[in-house]
Amino acid sequence: MGERYSPPRSLLRGIPITIWMLCLVAVPLGYTFLISFFQVEGMQIAAKLTLKNYGLFFTDPMYSRILLKSMLLALAIASLSILAGYPLAYMLSFRVRRGKQALFMLSIIPLWVSYLVRIIAWRTILGNKGVINSALTALGFIKEPLEFLLYNRFAVAVTLTYICIPFVFIPVYTALEKIPRNIMEAASDLGAGELRTLLNVVLPLSLPGLITGFIFAFIIALGDYIIPQQLGGTQGIMFGNLIWSQFGFAFNWPFGAALSFILLAISVTILGLTSRFGSTEGGFLNE
Amino acid sequence: MFSPAGGLRPRESFRSERGMMSDENAIELRGVRKAWGDVVAVQAFDVGIRKGEFFSLLGPSGCGKTTTLRMIAGLEEPTEGQILLEGRDVSRVPPYRRNVHTVFQDYALFPHMSVRKNIWFPLKMSGVSLADARQRIDRVLRLVNMEGLERRLPQQLSGGQRQRIALARSLVDEPAALLLDEPLGALDFKLRGAMQKVLKDIQRNVGITFIYVTHDQTEALTMSDRIAVMKSGRVHQVGTPDEIYNRPATAFVASFIGEMNFLHGRTLGAEAGMPQAEVGGQRLRAARSTVTGTPGAGDDVLVCIRTERVQVNSYRATEHEMAGTVRRIVYRGTDYELTCDLEGQEVRAVVSAVDWDPALKVGVSARLGFNGADITFFPREEEKEVVQYATDAV
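Note that the protein sequences, when read in sequence, are chains A and B.
Mapping of the first sequence onto our numbering: residues 1 to 287, in sequence order.
Mapping of the second sequence onto our numbering: residues 1 to 394, in sequence order.
Among the hints, a few may not be true.
Quick list of in silico lysine-lysine cross-link-like pairs, DSS-like style, CA-CA up to 30 Å [claimed, not checked]:
{"#": "1", "chain 1": "A", "residue 1": "K178", "chain 2": "B", "residue 2": "K124"}
{"#": "2", "chain 1": "A", "residue 1": "K178", "chain 2": "B", "residue 2": "K117"}
{"#": "3", "chain 1": "A", "residue 1": "K143", "chain 2": "A", "residue 2": "K129"}
{"#": "4", "chain 1": "B", "residue 1": "K231", "chain 2": "B", "residue 2": "K117"}
{"#": "5", "chain 1": "A", "residue 1": "K100", "chain 2": "A", "residue 2": "K178"}
{"#": "6", "chain 1": "B", "residue 1": "K124", "chain 2": "B", "residue 2": "K190"}
Derived, one-sided and incomplete: chain B residues facing chain A with beta-carbon distance under 8 Å [claimed, not checked]:
{"#": "7", "residue": "W36"}
{"#": "8", "residue": "V39"}
{"#": "9", "residue": "A73"}
{"#": "10", "residue": "Y96"}
{"#": "11", "residue": "H101"}
{"#": "12", "residue": "F110"}
{"#": "13", "residue": "P122"}
{"#": "14", "residue": "S126"}
{"#": "15", "residue": "A194"}
{"#": "16", "residue": "W356"}
{"#": "17", "residue": "E383"}
In silico negatives: residues of chain A with every beta carbon more than 12 Å from chain B [stated by the list, open to error]:
{"#": "18", "residue": "I19"}
{"#": "19", "residue": "G30"}
{"#": "20", "residue": "M91"}
{"#": "21", "residue": "T137"}
{"#": "22", "residue": "R181"}
{"#": "23", "residue": "L190"}
{"#": "24", "residue": "R196"}
{"#": "25", "residue": "W253"}
What the hints contain is simulated information worked out from the structure, not anything from laboratory work.
Glycine included, each C-beta is placed from N, C-alpha and C at the ideal position.
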């Protein structure tokens, strides 16, 4: 036994994952971090170190205003995702008896469909000649198509919530499935109806899953730039779009990299603050 | 004072006291049946459980005892029949509106709540004021002898401590009955014995009706006022430990509790009111027989006698005496277990070390003595229900 777990062997086993992490995480991030201190001269990135890129973010209030707006929107989206995903997971975990597995797969099937396809689908639902407006017009409720459905923050919130629901659903469902059923029976036995069992027992025990789902949704929403670009119009611009435009149109990679790192720093801070409450495995608190 | 043997007498007096208090049933089952599709878990269960009684449901796994308990708790709905709680039909009442609590086998404590909050839970649900709740929690903690651990979380407690907290949580709002589902099943042997005494002691102190599910016959015999013995969803017998042990209603009950010899015989009619049967060429009289039909018809019967009732080379005179050959001797400290061959049938005898004849060796002939008072006849077809135990399962 002693030989099997000798240090050289365990080091050897760590090599593949180390290479993986280096190639896919550390090197690209390190490189991006490095060029966030470079500057653009003409159409060339010059390897001259400067803090100008970060300075620009702090001096021009537009950037921090959009960042704040994006964070508030992401917060709303994460909350909506919880409101939609938690009941879904609750019903599936506690109420459904037959076909649970099939329903679970159905709930996460959106993840199998291309992200872009789902965005376009929402455009056909919310658009001027989309499903909602056509239906309401046909039923005679409205004469002119509703304008507020598309190309604004509302459309971004609806679509991003839809995108985030499976990411909330999975950790919450896992957490709920882990609650021993006899604990719920004990609650009922000791005088708690379903609502009080939910509030006193189920909710606290699934809190780690709920927090994890909330963080997932928040970070996905905060970093997204395709949905605001496709459905957000001018009003729905988010911080992700600013970064994207630096890399795309403006060809200012160093500034884009600086903005990326500001966003990354915020995400990591939030993760760090909340990860001790959350759990990807949905275990109990204090465990 | 709470040892199994010494416990008998106080329990008797306790019962008579209670009898004067009320003759009303705490719980009554009327024709209760539970089936899932074609699978019948419990059938035709009729019983009245008296107030303050320690009532056990005893049987092998899968006999329907836990299902019965869950129906009383409201965690399962009976397919047929009624469950009455203090005279009120609760068959369709959800568990949270029934004044009974369950102590689950693995305790089912709320893992995110401290000991104190766990015990507070039922009081909180029934809207008891904080000051009152505090008093009651303190009182029940004293009752289960668990003061000083209120702030701990369940996972910081040992098995026996969790058991006590689960008990405290179920007792704190003084339910009409406490339902215990193999509560000692997860504990090790020594702790089990200690907790049996604690449980019995508490039950006697609070006077609450206990319904106790167990597959352990010793536990049922030592703790219960009455026992219902179940097998395959059917109740075989309801009676006091004494009745269950000494006057088993079926061959299954006889085999499940204690150690019993089952010999094959043929009925020979009756003499002076005592049925007779022939075993290995000998005419045996029995105090009891559950065989129906014409006596003396030469029916195949099971002739039953407890292993400790078989006398071996004894100075005591017995009604019947037969010669057998010793096949095996097992020394067990306080007694010897002897296996003899009696005309091709196996007879086991447990002889106390005091009465042991040192001349007994494997291969020698032994004088086996029986009294008719210790013999029971059961119909031969009940033999398939007999459970055989390893010799050490006392």
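Do the hints match the structure? See the list:
1. A:K178 <-> B:K124: holds (25 Å)
2. A:K178 <-> B:K117: Within the cut-off at roughly 21 Å; holds.
3. A:K143 <-> A:K129: Measuring from Cα to Cα gives roughly 12 Å; hence the hint holds.
4. B:K231 <-> B:K117: Roughly 39 Å between the alpha carbons, so the hint for K231 of chain B and K117 of chain B is violated.
5. A:K100 <-> A:K178: holds (15 Å)
6. B:K124 <-> B:K190: violated (35 Å)
7. W36: violated (12 Å)
8. V39: This hint is violated: V39 of chain B lies away from chain A, its Cβ roughly 16 Å from the closest one there, beyond 8 Å.
9. A73: Because about 6 Å separates A73 of chain B from the closest Cβ in chain A, which is inside the 8 Å limit, the hint holds.
10. Y96: holds (5 Å)
11. H101: holds (6 Å)
12. F110: holds (6 Å)
13. P122: holds (4 Å)
14. S126: holds (6 Å)
15. A194: Given a least distance of 24 Å, the restraint on A194 of chain B is violated.
16. W356: violated (49 Å)
17. E383: violated (38 Å)
18. I19: I19 of chain A clear of chain B: closest Cβ-Cβ about 39 Å, beyond 12 Å.
19. G30: Its Cβ never comes within 12 Å of chain B, the nearest being 41 Å, so this holds.
20. M91: Fine: 19 Å to the nearest Cβ keeps M91 of chain A off the interface.
21. T137: holds (48 Å)
22. R181: About 9 Å separates R181 of chain A from the closest Cβ of chain B, which leaves it inside 12 Å; violated.
23. L190: The claim is violated: L190 of chain A sits with its nearest Cβ about 4 Å from chain B, within 12 Å.
24. R196: violated (7 Å)
25. W253: Given a closest Cβ separation of 48 Å, the condition holds.
The structure fails to meet hints 4, 6, 7, 8, 15, 16, 17, 22, 23, 24 from the earlier list, while all remaining hints are met.
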